[in-house]
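2 protein chains.
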Amino acid sequence: MSLAPEIASKLKRDAAGLICAVIQQYDTGEVLMVGWMNDDALDLTLREGRVVFWSRSRQSLWRKGDTSGHAQWVKSLWLDCDADAVLVKVDQVGLACHTGARTCFEVGGDLGAEVGYREDGQKDG
Amino acid sequence: MSLAPEIASKLKRDAAGLICAVIQQYDTGEVLMVGWMNDDALDLTLREGRVVFWSRSRQSLWRKGDTSGHAQWVKSLWLDCDADAVLVKVDQVGLACHTGARTCFEVGGDLGAEVGYREDGQKDG
Chain A
1 MSLAPEIASK LKRDAAGLIC AVIQQYDTGE VLMVGWMNDD ALDLTLREGR
51 VVFWSRSRQS LWRKGDTSGH AQWVKSLWLD CDADAVLVKV DQVGLACHTG
101 ARTCFEVGGD LGAEVGYRED GQKDG
Chain B
1 MSLAPEIASK LKRDAAGLIC AVIQQYDTGE VLMVGWMNDD ALDLTLREGR
51 VVFWSRSRQS LWRKGDTSGH AQWVKSLWLD CDADAVLVKV DQVGLACHTG
101 ARTCFEVGGD LGAEVGYRED GQKDG
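So the sequences go chain by chain: A and B. All residue numbers for the first sequence refer to my numbering, where the first residue is 1 and numbers rise by one. All residue numbers for the second sequence refer to my numbering, where the first residue is 1 and numbers rise by one.
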């Protein structure tokens with residue numbers, strides 16, 4: 001099996017043949033991590049119900065949780081408008097980050113941005 | 001002004017000098033879009049309280065909302081563990097996607113992944 005042609009033909013891959021994958025806990029909305037997928041990783045993720053990445057450091061497919069036990073069970077997978085990123089809603093077992101944190105963004109931490117406030121005082125969404 | 005050296009020295013930029021920026025509505029948890037930032041875009045985003053991207057198609061800085069009115073007001077900005085992605089929690093004015101949708105992932109749509117179920121029946125997080 002390989003990635004369905006109707007999906008493969010849409011993707012806008014980077015120079016390394018990858019798209020960006022944002023991983024979000026499906027019920028709490030936490031953004032857990034960002035990883036990368038080539039066509040095979042996306043195909044496996046769509047078919048197996050488990051998230052599979054392309055590891056840029058190891059240059060190999062990486063089924064999240066096979067070593068750590070920290071699997072990401074797929075709930076839904078969405079392509080973005082310009083087809084260079086996917087959003088994967090998952091049920092994360094344990095910790096998403098290899099450093100031992102729940103999310104990768106807890107580790108790099110808050111960079112202390114200035115907080116901005118909308119000028120109209122309204123709320124959309 | 002330019003990006004603080006203690007941040008600049010950490011970043012792992014891609015071949016084009018960019019990091020990935022995941023934009024999330026701060027209160028609902030919706031993932032709105034993925035964009036790209038160079039050092040200047042990240043610096044401006046941290047200092048101005050509004051999200052600034054690097055537009056790969058136009059090869060220029062792009063302060064979200066200057067043309068459309070659909071600004072992204074920054075609530076917090078988090079670096080990930082390997083320093084190649086940031087998570088920006090924002091208050092989105094109007095529509096995040098240039099196609100006129102609330103999020104870019106509504107546009108590419110649901111790719112119909114198989115749903116996976118954790119084997120332990122537990123819940124983490």
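Because the hints were derived from the structure by calculation, they are not lab data. Values in this document were obtained by computation on a predicted structure and should not be read as measured data. Mixed in with the good hints, there may be bad ones.
Copies of one chain are not kept apart here, so a pair can be met inside one copy or by any two copies together.
To be verified - Simulated pairs of lysine to aspartate or glutamate, EDC-like, Cα-Cα distance not exceeding 20 Å:
1) K10 <-> D66
2) K75 <-> E119
3) K123 <-> D40
4) K75 <-> E48
5) K10 <-> E30
(request) Check K10 against E30 for me: Cα-Cα at most 20 Å, and say if that holds within a copy, between copies, both or neither. (result) neither (28 Å within a copy, 24 Å between copies)
(message) With identical chains, the pair K75 and E119 could be close in the same copy or across copies; at 20 Å between alpha carbons, which is it: within, between, both, or neither?
(response) between (37 Å within a copy, 14 Å between copies)
(request) Could you figure out if K10 and D66 sit no more than 20 Å apart (CA to CA) within one copy, between two copies, both or neither? (result) Cα proximity of K10 and D66: none, with 30 Å in one copy and 29 Å across.
(request) Since the copies are identical, ignore which copy is meant and state whether K75 and E48 lie within 20 Å (CA to CA) inside a copy, between copies, both or neither. (result) Only inside one copy: K75 and E48 sit 11 Å apart there, 36 Å across copies, limit 20 Å.
(message) At most 20 Å between alpha carbons: which applies to K123 and D40, within, between, both or neither?
(response) neither (41 Å within a copy, 29 Å between copies)
Hint compliance for this structure: hints 1, 3 and 5 are broken, all remaining hints hold.
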